[in-house]
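S.K.: As a plain string of letters, each chain reads:
Number of protein chains: 2
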Amino acid sequence: MTDYTTSTSRSGVETDETSELIASNIVEGTKVYNRNEHIGQVYNFMVNKRTGQVEYAVMSFGGFLGIGESYYPLPWKALTYDTSLGGYMIDIDKRKLEEAPSYREGETFDRVYGKRINDHYGVPYGGV
Amino acid sequence: MTDYTTSTSRSGVETDETSELIASNIVEGTKVYNRNEHIGQVYNFMVNKRTGQVEYAVMSFGGFLGIGESYYPLPWKALTYDTSLGGYMIDIDKRKLEEAPSYREGETFDRVYGKRINDHYGVPYGGV
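Chains A and B, in that order, give the protein sequences.
So the first sequence is numbered by the working numbering: it starts at 1 and just counts up by one.
So the second sequence is numbered by the working numbering: it starts at 1001 and just counts up by one.
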């Protein structure tokens, strides 16, 4: 059972993280890599309320204390969990990444926006 | 696009919630109902790191300011999102619910524990 040791959260509830599961309240900060370069960290997951499938990992990077940070929704289908790195990996040309759609204030995360993101990363759009 | 209006989080990042997606950092507090009775709220989601599938919604109830609260992992397969209630619904005999496995300090969320939970709710165990 050594694979399933758990950490303890502030509230004393165990199982924040097992080898296969991660608690949604501690995903923030999980590292994101492009190939082997650390490019940012998970800000949150966008979860389909009905199916329970994570559709996007929103990556944040830059800024200081949350000011000036940029946010990039990465389609789940474009990510791989790398157990050795302990984080998510995307495999994309650096320029393509720099041109990726980022959140802006007032942005509406509708189907058009979702499709635009998935198209950018070249993965099928599953319907947000 | 009225179906996809969004809320704004403290950081100014939009899309905390659309009609189909919910941000992992705001799932806490989503109401849980047994049939039509409000029985608790979501504490967190336990997400499969590789597949991105939510496997359990951990429900909390009782206590005060986090002290004395009880935590119950509910298999995703046993839950339905009810748009009219704006929360998750389980359909289970009240006595069965009272006898449900709850987290205890020192609990290890291994396969044995996962299987025990799913068995209790009568849903197939997909492998934690």
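Keep in mind that the hints were calculated from the coordinates and are not lab data.
No experiment lies behind these values; they were computed from the predicted model shown.
We put the beta carbon where it would ideally sit given N, CA and C, even for glycine.
Some hints could be false.
Stated by the list, open to error - Listing some non-contacts, in silico: residues in chain B with all C-beta distances to chain A over 12 Å:
#1 E1028
#2 N1034
#3 N1036
#4 E1037
#5 I1039
#6 Y1043
#7 K1049
#8 G1086
#9 K1094
#10 L1097
#11 A1100
#12 R1111
#13 D1119
#14 G1122
Said to hold, decoys possible - Mimicking EDC-like on lysine to aspartate or glutamate, the simulated pairs with C-alpha atoms at most 20 Å apart in a straight line are:
#15 K1115(B) <-> E1098(B)
#16 K1049(B) <-> E98(A)
#17 K49(A) <-> E1028(B)
#18 K1049(B) <-> E69(A)
S.K.: Indicate, hint by hint, whether the structure satisfies it.
M.R.: Consistency of the hints with the structure:
no.: 1; hint: E1028; result: violated, 7 Å
no.: 2; hint: N1034; result: holds, 19 Å
no.: 3; hint: N1036; result: holds, 19 Å
no.: 4; hint: E1037; result: holds, 21 Å
no.: 5; hint: I1039; result: holds, 18 Å
no.: 6; hint: Y1043; result: violated, 7 Å
no.: 7; hint: K1049; result: violated, 5 Å
no.: 8; hint: G1086; result: violated, 10 Å
no.: 9; hint: K1094; result: holds, 24 Å
no.: 10; hint: L1097; result: holds, 19 Å
no.: 11; hint: A1100; result: holds, 15 Å
no.: 12; hint: R1111; result: violated, 7 Å
no.: 13; hint: D1119; result: holds, 18 Å
no.: 14; hint: G1122; result: holds, 18 Å
no.: 15; hint: K1115(B) <-> E1098(B); result: holds, 18 Å
no.: 16; hint: K1049(B) <-> E98(A); result: violated, 26 Å
no.: 17; hint: K49(A) <-> E1028(B); result: holds, 13 Å
no.: 18; hint: K1049(B) <-> E69(A); result: violated, 25 Å
Violated hints, in rising order: 1, 6, 7, 8, 12, 16, 18; the structure is consistent with all others.
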